[in-house]
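Asker: Below are the chains, spelled out letter by letter.
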Amino acid sequence: MARIAVQEAPFDIAAETAALTEGRTDIGALASFTGLCRADDGLAAMVLEHYPAMTERALAKIAAEAEARWPLTGCTIIHRVGRLVPGAPIVLVLTASSHRSAALEACAFLMDWLKTKAPFWKREEFTTGHARWVEARHEDSAAAQRW
Amino acid sequence: MARIAVQEAPFDIAAETAALTEGRTDIGALASFTGLCRADDGLAAMVLEHYPAMTERALAKIAAEAEARWPLTGCTIIHRVGRLVPGAPIVLVLTASSHRSAALEACAFLMDWLKTKAPFWKREEFTTGHARWVEARHEDSAAAQRW
Amino acid sequence: MQILYFAWVREKIGMAGEEIARPDHVTDIGTLMRHLATLSPRHSDAFANPMTIRAAINQDFATAGDAVTDSDEVAFFPPVTGG
Amino acid sequence: MQILYFAWVREKIGMAGEEIARPDHVTDIGTLMRHLATLSPRHSDAFANPMTIRAAINQDFATAGDAVTDSDEVAFFPPVTGG
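Protein chains in written order, with the working numbering: chain A, 1 to 147; chain B, 1 to 147; chain C, 1 to 83; chain D, 1 to 83.
Hints were generated in silico from the structure; no laboratory data involved.
Quick caveat, the model's predicted, so the values are computed rather than measured.
Any given hint could turn out to be false.
[Unchecked claim] Per label pair, the in silico range of CB-to-CB distance:
no., chain 1, residue 1, chain 2, residue 2, range
1, C, Thr-27, A, Arg-83, 54 to 62 Å
2, D, Pro-23, B, Ala-53, 22 to 30 Å
3, B, Ala-60, A, Ser-141, 19 to 27 Å
4, B, Ala-144, C, Ala-67, 29 to 37 Å
5, B, Ala-60, D, Asp-24, 30 to 38 Å
6, B, Pro-52, A, Pro-52, 29 to 37 Å
7, B, Ala-144, D, Met-51, 14 to 22 Å
8, A, Arg-24, B, Pro-52, 26 to 34 Å
For glycine and all other residues, C-beta sits at the position ideal for the given N, C-alpha and C.
The shape of chain A in the complex, shown without the other chains (with noise of 0.2 Å):
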């Protein structure tokens, strides 16, 4: 059972991580992929939408997804939503198993999938002033049809 979560708080990935692996002995590998907020073309803040009734419900579908494709005793998927400026941390996936190549694709699998199948959108706010809706990248789709 995953651990979903969707929240303006920035994550703590080490009390994440502490709770997929504490007083267990069967994991011997965690992979981890955190997204952040860059600051190209002066970008001054990113603004997250979501479809809140239905994010969590997106997100454990990929999650559960995830499960049936991998050995994995523990997933988690925390996506911030709000106003994130550069530097801050936007995404966070943790995948549990007993080996690393479970661990790795299934982190990978799941950040491709969360692009293109959970329902966020990116707003960008530029220093100058101007905004713009992020549009969606075909090497998103591409990566996501890997799988």
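We have chain A already, so just place chains B, C and D on it with the hints.
Answerer: Frame of chain A, contents of chains B, C and D only:
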């Protein structure tokens, strides 16, 4: 320039992550892998031997290879040696990049090469008193050769 | 039926959602989008290029042929960009 | 020349390393392994199956044909199992 450490002491993932990202706003992706000691088949402890004069040099070469293949903004490899009990972390690999595929692929690559190209040897001690040297696995060679 | 809008679809239409009466000929996502496009100039602008819009029925992603009923919550939004 | 042993190679030989005088015919890793195997029954046992042993010259991995000289540090060990 990668951070490389070979040590008996545990490592602090949060501090290592902070060291890679602190004060930067050009990092969009941070991937990590932690290898832990499992309590398989009555394992009491694992003793990690290494070739001190060679180890850090071998790890630095592996890290340099990753930095040549992917556009990383930073990379950390910490490998513990000595006696480790089930549940203890053994190895940490961290990769930072502006994009997620570079961070995730480099992290998987570093683990695959580290398993086959760094001078560490694991000896398993069992609760029965029996001990044995871990044998190299064919899957690890195959995984290292895919890159 | 309950309609929700997100991201630039929401901005173009100027509201986060609305309750609409479903005409009889509106039976799937495709016909619903064409109907919504007739409601106002802002709706018309938002739905001008249906290929750029994605949909969900009751919080599950849906495609143009998927059936809709009066009791459904239907959402329209651009392709997602989270992660 | 300086020879080092690790893991079960070290255990079988009963020491972590030794200084040896290199005979003239010992010019590469392969001939060095065959020479070391003659030094004692424990050496003979450790080097019984050269296919299971890996080597490094001056802290770089080496193969059977790689040349060795008097000033080299040569290490023998099983395939690595870290990570």
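Asker: Hints first: check each against the structure and report whether it holds.
Answerer: Going through the hints against the structure:
no. : hint                               : verdict
1   : Thr-27/C <-> Arg-83/A: 54 to 62 Å  : violated (40 Å)
2   : Pro-23/D <-> Ala-53/B: 22 to 30 Å  : holds (25 Å)
3   : Ala-60/B <-> Ser-141/A: 19 to 27 Å : violated (38 Å)
4   : Ala-144/B <-> Ala-67/C: 29 to 37 Å : violated (51 Å)
5   : Ala-60/B <-> Asp-24/D: 30 to 38 Å  : holds (36 Å)
6   : Pro-52/B <-> Pro-52/A: 29 to 37 Å  : violated (55 Å)
7   : Ala-144/B <-> Met-51/D: 14 to 22 Å : holds (19 Å)
8   : Arg-24/A <-> Pro-52/B: 26 to 34 Å  : holds (32 Å)
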